[in-house]
Amino acid sequence: MSPIMSNRFFQKFYLRCGCCSAIQRSAQGYRPIANPILFKSDEHCRNYHDEQRRASGYSGILVTCRCDRCKRVHSNWKVLDAQQLLDAKLRMAPEERTQRLWASKSH
36 MSPIMSNRFF
46 QKFYLRCGCC
56 SAIQRSAQGY
66 RPIANPILFK
76 SDEHCRNYHD
86 EQRRASGYSG
96 ILVTCRCDRC
106 KRVHSNWKVL
116 DAQQLLDAKL
126 RMAPEERTQR
136 LWASKSH
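Take the position in the sequence shown, starting the count at 1, then add 35; the result is the number in this note's numbering.
FYI, nobody ran anything at the bench for these hints, they're computed from the structure.
Computed from a predicted model, the values in this text were never measured in an experiment.
Each residue gets a CB set at the ideal place from its N, CA and C atoms; glycine is no exception.
Derived pair list, reagent style BS3-like, types lysine-lysine, alpha-carbon separation capped at 25 Å: (1) K113 - K47; (2) K124 - K113; (3) K106 - K124; (4) K47 - K106; (5) K47 - K124.
The following label-pair restraints were derived from C-beta to C-beta distances: (6) I72 - T133: 49 to 55 Å; (7) E130 - E78: 45 to 51 Å; (8) R60 - H84: 22 to 28 Å; (9) K124 - I72: 44 to 50 Å; (10) Q87 - K124: 25 to 31 Å.
Generate coordinates for the entire structure from the input sequences, incorporating the hints supplied.
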């Protein structure tokens, strides 16, 4: 297991699918270095800079993941912050919200 540094603060992002316009959540939290004695400075610094790009809204990172709605794995995503998510939700009709926003796991 490599020492992967993740963000020290829990962050939530919202991803809008470029294929079906569905919006899903993406989160990242703190994960400590696995073994500080086996510290690899080059890898740690690279992971630190990746963390900085993720913390600034995935700037400079190509996001590739599976869309929960259309079930496709692709890189056509737009990263939304909390305010952009609220603006998008307010523009949607109630039927559109249930169709485009993530499904609740309660049912």
